[in-house]
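**Student:** Spelled out from the first residue to the last, the chains are:
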Amino acid sequence: GQNIDQPTEMTATEGAIVQINCTYQTSGFNGLFWYQQHAGEAPTFLSYNVLDGLEEKGRFSSFLSRSKGYSYLLLKELQMKDSASYLCAVSTGFQKLVFGTGTRLLVSP
Amino acid sequence: GAVVSQHPSRVICKSGTSVKIECRSLDFQATTMFWYRQFPKQSLMLMATSNEGSKATYEQGVEKDKFLINHASLTLSTLTVTSAHPEDSSFYICSARGRGRNNEQFFGPGTRLTVL
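Protein sequences appear in the order of chains A and B. Counted the way my numbering counts, the first sequence spans residues 1 to 109. Counted the way my numbering counts, the second sequence spans residues 1 to 116.
Watch out, some of these pointers could steer you wrong.
If you anchor each label on the Cβ, the simulated ranges turn out as follows [to be verified]:
#1 2/A / 8/B: 17 to 23 angstroms
#2 41/A / 73/B: 49 to 55 angstroms
#3 8/B / 11/A: 31 to 37 angstroms
#4 16/A / 20/B: 32 to 38 angstroms
#5 28/A / 29/B: 22 to 28 angstroms
#6 14/B / 66/A: 46 to 52 angstroms
#7 41/A / 104/B: 39 to 45 angstroms
#8 1/A / 5/B: 40 to 46 angstroms
#9 40/B / 52/A: 17 to 23 angstroms
#10 7/A / 3/B: 46 to 52 angstroms
Using 35 angstroms as the maximum straight-line C-alpha spacing, the simulated DSBU-like pairs for lysine-lysine come out as follows [said to hold, decoys possible]:
#11 68/A / 57/A
#12 41/B / 57/A
#13 68/A / 41/B
#14 41/B / 20/B
#15 64/B / 81/A
#16 14/B / 55/B
#17 41/B / 81/A
#18 20/B / 66/B
#19 14/B / 64/B
#20 81/A / 57/A
#21 76/A / 55/B
These aren't lab readings, by the way, just hints derived from the structure by calculation. This one's a predicted model, so the numbers in the text were calculated from it and none came from an experiment. Positions of the beta carbon are idealized from the N, C-alpha and C atoms, including for glycine.
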């Protein structure tokens, strides 16, 4: 079966750094995506990892370890607008994306 | 580039009626389109995958006779919720994948369906 786990909720303070973890066990692996989703809106693409290591893109970085079935999304210099749900999704061998449960991040002043 | 639109964005219907949702890729050819459903405070659940010109592949537990999918062209897929019931009320999101785009799916803005 497919299993992707993320923490349900996290809170952080404006200006801080937060790390959102994702562990996965899937049949097939063609890469891992992170998406941001604000309430009532569609997900927007943040990052894609297919090889082990860290991908940095501005305030956001994503890390992947395929041997451990583990990824994290790192958000630096948090802003209020970063309050959203963050979805980890694995691309399996049949073009499909399997989504994790999502992590709701609340950034407070 | 890579814009996906959905129509309507919001629909309210009576129980027993059918509702059609359109998903269009505006600036690229979508070889594959995906339909997801998302209940409040939950993640996206894949309902079906459709390739242009062929029948959709449904995920386990999704009734193909209730959720009719038509992928008539490389830029348009439709999802029809037949005989809708209140439990079908949800946020329906489509995504599209084009050729040579590194597995990335581009998501539409979603359709909020409320069945009374």
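**Student:** So the hint says 49 to 55 angstroms: do the beta-carbon atoms of residue 41/A and residue 73/B match that?
**Tutor:** 26 angstroms, violated
**Student:** Quickly compare the C-alpha distance for residue 41/B and residue 81/A to 35 angstroms and report which way the hint goes.
**Tutor:** 19 angstroms, holds
**Student:** Can the restraint linking residue 41/B and residue 57/A be considered satisfied, given a maximum Cα separation of 35 angstroms?
**Tutor:** 27 angstroms, holds
**Student:** CA of residue 68/A to CA of residue 57/A, is that 35 angstroms or under?
**Tutor:** Measuring from Cα to Cα gives roughly 23 angstroms; hence the hint holds.
**Student:** Do the alpha carbons of residue 76/A and residue 55/B lie within 35 angstroms of each other, as the hint requires?
**Tutor:** 44 angstroms, violated
**Student:** Using the beta carbons of residue 28/A and residue 29/B, state whether their distance is inside 22 to 28 angstroms or not.
**Tutor:** About 25 angstroms separates the Cβ atoms of residue 28/A and residue 29/B, which means 22 to 28 angstroms holds.
**Student:** Between the alpha carbons of residue 41/B and residue 20/B, is the straight-line distance 35 angstroms or under?
**Tutor:** Distance of about 24 angstroms is within 35 angstroms: holds.
**Student:** Straight-line Cα separation of residue 20/B and residue 66/B no greater than 35 angstroms?
**Tutor:** 12 angstroms, holds
**Student:** For a C-alpha distance cap of 35 angstroms, please report whether residue 14/B and residue 55/B respect it.
**Tutor:** 28 angstroms, holds
**Student:** Taking the beta carbons of residue 1/A and residue 5/B, is their distance inside 40 to 46 angstroms?
**Tutor:** 34 angstroms Cβ-Cβ, so the 40 to 46 angstroms window is violated.
**Student:** Between residue 41/A and residue 104/B, does the beta-carbon spacing fit 39 to 45 angstroms?
**Tutor:** 18 angstroms, violated
**Student:** Does residue 68/A pair with residue 41/B here, judged by a C-alpha cut-off of 35 angstroms?
**Tutor:** 28 angstroms, holds
When held up to the earlier numbered hints, the structure conflicts with 1, 2, 4, 7, 8, 9, 10, 15 and 21 and fits the remainder.
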